[in-house]
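S.K.: Here's the letter readout for the chains.
Number of protein chains: 2
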Amino acid sequence: MSLVVVGSVAYDGVETPHGKVDRMLGGAATYIGLAASYFAAVKIVAVVGDDFAPEDYDLLASRGIDLEGLERAPGKTFFWAGKYSADMNERETLCTDLNVFADFRPKLPESYRPAPYLLLGNIQPELQRGVRAQMSNLRLAGGDTMNYWIRDYRAELLETLREWDFLLINDSEARMLAGEYNLRRAAAKIRDMGPRTLVVKRGEYGAILFADGCQFTAPGYLLDRVIDPTGAGDSFAGGFIGYLAQQGVDPAGGPCDMRDLRRAVIYGSVMGSFCCEAFGVERFRTLTQGEVEDRYREFKTFTDF
Amino acid sequence: MSLVVVGSVAYDGVETPHGKVDRMLGGAATYIGLAASYFAAVKIVAVVGDDFAPEDYDLLASRGIDLEGLERAPGKTFFWAGKYSADMNERETLCTDLNVFADFRPKLPESYRPAPYLLLGNIQPELQRGVRAQMSNLRLAGGDTMNYWIRDYRAELLETLREWDFLLINDSEARMLAGEYNLRRAAAKIRDMGPRTLVVKRGEYGAILFADGCQFTAPGYLLDRVIDPTGAGDSFAGGFIGYLAQQGVDPAGGPCDMRDLRRAVIYGSVMGSFCCEAFGVERFRTLTQGEVEDRYREFKTFTDF
Numbered sequence: 006m007s008l009v010v011v012g013s014v015a016y017d018g019v020e021t022p023h024g025k026v027d028r029m030l031g032g033a034a035t036y037i038g039l040a041a042s043y044f045a046a047v048k049i050v051a052v053v054g055d056d057f058a059p060e061d062y063d064l065l066a067s068r069g070i071d072l073e074g075l076e077r078a079p080g081k082t083f084f085w086a087g088k089y090s091a092d093m094n095e096r097e098t099l100c101t102d103l104n105v106f107a108d109f110r111p112k113l114p115e116s117y118r119p120a121p122y123l124l125l126g127n128i129q130p131e132l133q134r135g136v137r138a139q140m141s142n143l144r145l146a147g148g149d150t151m152n153y154w155i156r157d158y159r160a161e162l163l164e165t166l167r168e169w170d171f172l173l174i175n176d177s178e179a180r181m182l183a184g185e186y187n188l189r190r191a192a193a194k195i196r197d198m199g200p201r202t203l204v205v206k207r208g209e210y211g212a213i214l215f216a217d218g219c220q221f222t223a224p225g226y227l228l229d230r231v232i233d234p235t236g237a238g239d240s241f242a243g244g245f246i247g248y249l250a251q252q253g254v255d256p257a258g259g260p261c262d263m264r265d266l267r268r269a270v271i272y273g274s275v276m277g278s279f280c281c282e283a284f285g286v287e288r289f290r291t292l293t294q295g296e297v298e299d300r301y302r303e304f305k306t307f308t309d310f
Numbered sequence: 006m007s008l009v010v011v012g013s014v015a016y017d018g019v020e021t022p023h024g025k026v027d028r029m030l031g032g033a034a035t036y037i038g039l040a041a042s043y044f045a046a047v048k049i050v051a052v053v054g055d056d057f058a059p060e061d062y063d064l065l066a067s068r069g070i071d072l073e074g075l076e077r078a079p080g081k082t083f084f085w086a087g088k089y090s091a092d093m094n095e096r097e098t099l100c101t102d103l104n105v106f107a108d109f110r111p112k113l114p115e116s117y118r119p120a121p122y123l124l125l126g127n128i129q130p131e132l133q134r135g136v137r138a139q140m141s142n143l144r145l146a147g148g149d150t151m152n153y154w155i156r157d158y159r160a161e162l163l164e165t166l167r168e169w170d171f172l173l174i175n176d177s178e179a180r181m182l183a184g185e186y187n188l189r190r191a192a193a194k195i196r197d198m199g200p201r202t203l204v205v206k207r208g209e210y211g212a213i214l215f216a217d218g219c220q221f222t223a224p225g226y227l228l229d230r231v232i233d234p235t236g237a238g239d240s241f242a243g244g245f246i247g248y249l250a251q252q253g254v255d256p257a258g259g260p261c262d263m264r265d266l267r268r269a270v271i272y273g274s275v276m277g278s279f280c281c282e283a284f285g286v287e288r289f290r291t292l293t294q295g296e297v298e299d300r301y302r303e304f305k306t307f308t309d310f
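Top to bottom, those sequences are chains A and B. Under the numbering used here, the residue at position 208 of the first sequence is numbered 213, and the numbers go up by one with no gaps. Under the numbering used here, the residue at position 172 of the second sequence is numbered 177, and the numbers go up by one with no gaps.
Keep in mind that the hints were calculated from the coordinates and are not lab data. It is possible that part of the hints are untrue.
[Said to hold, decoys possible] A few chain B positions that, by computed beta-carbon distances, are all more than 10 Å from chain A: (1) VAL26; (2) ARG68; (3) GLU73; (4) ASP92; (5) GLU115; (6) ARG144; (7) ASN175; (8) MET181; (9) ALA223; (10) GLY225; (11) LEU228; (12) ARG264; (13) ARG267; (14) PHE284; (15) GLU296.
[Claimed, not checked] Computed cross-link-like contacts, DSBU-like style, restricted to lysine-lysine with a CA-CA straight-line distance of at most 35 Å: (16) LYS88(B) x LYS194(A); (17) LYS81(B) x LYS25(B); (18) LYS25(A) x LYS81(A); (19) LYS25(B) x LYS88(B); (20) LYS81(A) x LYS194(A); (21) LYS81(B) x LYS194(B); (22) LYS112(B) x LYS194(A); (23) LYS305(A) x LYS88(A); (24) LYS194(B) x LYS305(B); (25) LYS194(B) x LYS25(A); (26) LYS305(A) x LYS305(B); (27) LYS194(A) x LYS25(A); (28) LYS25(B) x LYS305(A); (29) LYS112(A) x LYS194(A); (30) LYS305(B) x LYS194(A); (31) LYS194(B) x LYS25(B); (32) LYS112(A) x LYS88(A); (33) LYS25(A) x LYS88(A); (34) LYS112(A) x LYS81(A); (35) LYS88(A) x LYS194(B); (36) LYS88(B) x LYS112(B).
In this text the structure is predicted, and so the values were computed from the model without any measurement. We treat Cβ as the ideally placed atom computed from N, Cα and C, and that holds for glycine.
So that you can see chain A by itself, here it is in the shape it has in the complex (with noise of 0.2 Å):
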């Protein structure tokens, strides 16, 4: 079933002490999207600048994700550039050149609003509500958010997040939007804003499910060489809306299916796993069906006892 993703179409250059990548194709939507197109039909809303390569948008547009609400701006697209330090847990941004995207107001295609599922990425909490209120047959609602939303807009984010069916967002950041330390709290106070399945990402630790009568645990992936974890987030939420709009999950018919939620979570982490192998959406050239079920299949085999 379709899915439209919200975020941002973005150039990003990259340092990792794996090498450095001066400009190549990022952003959330991007990433979200190649991910949940391993499950899902995928329709992106975003803005790019007219220096958007031609190449990039064939990337999408071959994982059949449909580009007709990526809008196309006079002026530069959106560029990040970060630095990683050399266990690769933290980041520093260098540069953030919003260009075409400070007056990224998301408009949607007709053809997009019937759509029953709903990736919001990382974007003014405002402009994430404005989306969800053009949607007309919503079955499942959600998305990410961001330490500077939670402090400097937090008043609206509750808005926003009051109306989400769930809520993907990592533990420093639970922490911080729950004013509380313990994770297990801090769920149950986000799970009151709003949203009631909530998923806490940890990094290379995994991630944890929040829901009704339910906790579970994925594990992170272990791999050989971390090459670029830029996107992992980004393409964990992929792999996770994806998976649930591929099994056309329906809460209004009763909570959630926990199963769903639960392998939407494996599925999560494996898209996040892959992103790491290669720089930027590299390895979303390559990927197949078939190494995407064989991973899922080892995380099976990582967590059974």
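Starting from the structure of chain A, add chain B where the hints point.
M.R.: Only chain B this time, still in chain A's reference frame:
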């Protein structure tokens, strides 16, 4: 089946955000022994001073622990004091008085020598090797070490590790021992040093088991309140080896049964989680077999997909 545990029996002073205790029973062998006593017949080898309190002796005895190897020497019992950071992920050692432990040369009672299982708590590698040499009928031997021995007693430690079937170690120490940041590659290097079974402990994030042809990840148990993490790693070790001893695991008849090893890691996690629920060894005063089994089942629920 019976299990010999070697390590410190000590008094600890501990401060956490939940309170402060000036002096309470502690030490690696104490935690390992208490945790293992839920699964197997435990025999402790350690030394205490003439200040060791009868009620502390009685607590160990009440769990059926054989104390013939608990030597009493003139002087004071080993004392350690530490203070945890607000998030309890770091701790500062305030005081280490080795006292009678400084001259500890573990000598095994005759009745201990035929025991098939041996857990060497974190003491000087040469002493660990000496204990192993006194055992006459070993099936499975291994233990713990720490950054101090890895850094300053490396050659001695490597000689000791060569004889071990398993090593339990935390992630930063695994990286230090292997000289390799990537955990998967660090594990391969360490397993080449001797211990074919390696458990990397990751604190609140759980543990990873590496063994022949197998990798297994156990999540951390999310507690509502972590009162005092002192002894959690040793309690993990006690649950791990205790379960293997209970099952009578015998790697001489082929590689360890992976199912037993996986379950041993879960029982280790279970015992580590209980340990954190109260100061020092307090939780073991009331902990029942039924609670242990209930939490084991919770781990099943948290990880099944």
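S.K.: All hints, please: hold or fail.
M.R.: Do the hints match the structure? See the list:
1. Listed as outside the interface, VAL26(B) is consistent with that label: its C-beta sits roughly 21 Å from the nearest C-beta of chain A, beyond the 10 Å cut-off.
2. Listed as outside the interface, ARG68(B) is consistent with that label: its C-beta sits roughly 26 Å from the nearest C-beta of chain A, beyond the 10 Å cut-off.
3. The beta carbon of GLU73(B) sits about 35 Å from the closest Cβ of chain A, which is more than 10 Å, so the claim that it is off the interface holds.
4. At the 10 Å boundary, the C-beta of ASP92(B) falls inside the reach of chain A, the nearest C-beta of that chain being 6 Å off.
5. Distance check on GLU115(B): its Cβ is at least 38 Å (rounded) from any Cβ of chain A, clearing the 10 Å threshold; non-interface status holds.
6. The claim that ARG144(B) is not at the interface with chain A holds, since no C-beta of that chain comes within 10 Å of its own (minimum 22 Å).
7. The claim that ASN175(B) is not at the interface with chain A holds, since no C-beta of that chain comes within 10 Å of its own (minimum 14 Å).
8. Distance to chain A confirms MET181(B) as a non-interface residue, since its nearest Cβ pair spans about 13 Å, more than 10 Å.
9. With a closest Cβ-Cβ approach of about 8 Å to chain A, ALA223(B) is found to fall inside the 10 Å limit, against its non-interface label.
10. Not every C-beta of chain A lies more than 10 Å from that of GLY225(B), the closest at about 8 Å, which undercuts listing it as non-interface.
11. Its closest Cβ contact with chain A, about 7 Å, brings LEU228(B) to no more than 10 Å, contrary to its assignment away from the interface.
12. At roughly 7 Å, the least C-beta separation between ARG264(B) and chain A is not larger than 10 Å, which violates its mark as non-interface.
13. Annotated as non-interface, ARG267(B) brings its C-beta within 10 Å of a C-beta of chain A; the closest such distance is 4 Å.
14. Residue placement check: PHE284(B) keeps its beta carbon more than 10 Å from all beta carbons of chain A (closest about 17 Å).
15. Even its closest Cβ contact with chain A, about 18 Å, leaves GLU296(B) beyond 10 Å, as expected for a residue assigned away from the interface.
16. With a C-alpha separation of about 29 Å, the suggested pair LYS88(B) and LYS194(A) falls inside the 35 Å cut-off, and the hint holds.
17. Pair hint LYS81(B) plus LYS25(B) holds up; C-alpha atoms about 22 Å apart against a cutoff of 35 Å.
18. Under the criterion of a C-alpha separation no larger than 35 Å, the hint pairing LYS25(A) with LYS81(A) is consistent with the structure, at around 22 Å.
19. This hinted pair checks out: LYS25(B) and LYS88(B) have alpha carbons roughly 9 Å apart, not beyond 35 Å.
20. The suggested pairing of LYS81(A) with LYS194(A) is violated, with an alpha-carbon distance near 40 Å, which exceeds 35 Å.
21. With a C-alpha separation of about 40 Å, the suggested pair LYS81(B) and LYS194(B) falls outside the 35 Å cut-off, and the hint is violated.
22. With a C-alpha separation of about 54 Å, the suggested pair LYS112(B) and LYS194(A) falls outside the 35 Å cut-off, and the hint is violated.
23. For the hint pairing LYS305(A) with LYS88(A), the CA-to-CA distance comes to about 34 Å; that is within 35 Å, so the pair holds.
24. The suggested pairing of LYS194(B) with LYS305(B) holds, with an alpha-carbon distance near 31 Å, which does not exceed 35 Å.
25. For a cut-off of 35 Å, the pair hint linking LYS194(B) to LYS25(A) stands: about 28 Å separates their Cα positions.
26. With a C-alpha separation of about 13 Å, the suggested pairing of LYS305(A) with LYS305(B) holds against the 35 Å cut-off.
27. With a C-alpha separation of about 40 Å, the suggested pairing of LYS194(A) with LYS25(A) is violated against the 35 Å cut-off.
28. In summary, the hint linking LYS25(B) to LYS305(A) is not supported, as the alpha carbons are separated by about 42 Å, beyond the 35 Å threshold.
29. Distance hint between LYS112(A) and LYS194(A) is fulfilled; the C-alpha atoms sit about 32 Å from each other, no more than 35 Å.
30. Proximity of LYS305(B) to LYS194(A) is assessed by CA-CA distance (about 25 Å); at most 35 Å being required, the pair is judged to hold.
31. For the given pair, LYS194(B) sits about 40 Å from LYS25(B) by alpha-carbon distance, which is inconsistent with the 35 Å threshold.
32. Note on LYS112(A) and LYS88(A): the hinted pairing holds, with a Cα-Cα distance of about 33 Å set against a maximum of 35 Å.
33. As the CA atoms of LYS25(A) and LYS88(A) are separated by approximately 9 Å, the hinted pair is consistent with the 35 Å bound.
34. The straight-line distance between the Cα atoms of LYS112(A) and LYS81(A) is roughly 19 Å, inside the 35 Å bound, and the hint therefore holds.
35. For the hint linking LYS88(A) to LYS194(B), the alpha-carbon distance of about 29 Å falls within 35 Å, and the restraint holds.
36. Proximity of LYS88(B) to LYS112(B) is assessed by CA-CA distance (about 33 Å); at most 35 Å being required, the pair is judged to hold.
Of the numbered hints given earlier, the model fails hints 4, 9, 10, 11, 12, 13, 20, 21, 22, 27, 28, 31; all others are met.
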